[in-house]
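Q: Sequence:
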Amino acid sequence: MQNELDMKKARTPKLRKPNAEDGAAIWQLIRDCKPLDENSLYANLIQADHFRDTCVVAEMDGDIVGWISGHMIPAQDAFFVWQVAVSTKARGLGLGKTMLMELVNRDETEDAKTLKTTITRDNDASWGLFRSFANHVGGDLSDAPHFTKDAHFDGAHDTEHMVTITLPETAPLKRAA
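Position 149 of the sequence shown, counting from 1, maps to 149 under UniProt numbering, and the rest follow consecutively.
Dumping the calculated DSSO-like pairs for lysine-lysine here, alpha-carbon to alpha-carbon at most 27 Å:
(1) LYS97 - LYS113
(2) LYS34 - LYS17
(3) LYS116 - LYS14
(4) LYS34 - LYS116
(5) LYS97 - LYS116
(6) LYS34 - LYS97
(7) LYS17 - LYS97
(8) LYS34 - LYS149
(9) LYS17 - LYS113
(10) LYS89 - LYS17
(11) LYS34 - LYS14
(12) LYS34 - LYS89
(13) LYS89 - LYS14
(14) LYS97 - LYS14
(15) LYS116 - LYS17
(16) LYS149 - LYS116
The following label-pair restraints were derived from C-beta to C-beta distances:
(17) THR88 - THR148: 27 to 37 Å
(18) THR88 - ALA24: 14 to 24 Å
(19) ASP61 - PHE147: 32 to 42 Å
(20) GLU110 - SER132: 14 to 24 Å
(21) ASP49 - ASN105: 17 to 27 Å
(22) THR88 - SER40: 19 to 29 Å
(23) ASP107 - GLY155: 37 to 47 Å
No lab work stands behind these hints, which were simulated from the structure alone.
Owing to the predicted nature of the structure, the values given are computational and were not obtained by experimental measurement.
The beta carbon of each residue, even a glycine, is placed where N, CA and C say it ideally should be.
Please construct the entire structure, taking both the sequences and the accompanying hints into account.
A: Structure representation (structure tokens):
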């Protein structure tokens with residue numbers, strides 16, 4: 001029994017705010033998580049440094065195995081999730097949802113009434129994660145085309161649908177963690 005607990009604990013990633021020194025490891029994680037859109041190393045460095053309060057990394061065995069970048073949308077009561085990456089080493093642990101819960105429970109996102117993200121129609125993993133998260137917190141999920149293939153991507157990228165999840169206004173988020 002103790003051995004089982006020790007094994008589970010060893011497989012439980014530690015969540016924390018990123019720092020600038022994490023930039024290269026985050027960039028490599030995203031590159032390893034095809035078909036995620038790759039940003040520049042510098043973009044990930046800026047996210048880990050300037051937006052650390054609304055981003056999270058997950059570490060396991062000294063490696064960064066999870067990452068979510070996000071920010072509060074200016075002049076809105078909405079938290080926007082830009083990118084979610086989970087290493088193959090940490091898949092199947094519910095890490096994506098755990099990281100989302102960590103972020104929506106932070107003081108820096110307490111004014112958020114909705115969580116927003118964009119997802120292409122064919123990204124089944126992201127749809128599954130955000131539907132599961134909405135169910136978990138008791139929020140409603142809606143979506144609509146936002147950045148369209150022709151108008152915004154010059155035909156080079158599929159349409160991104162803006163997904164909006166209502167967040168409970170009271171303590172259920174903390175209890176649902």
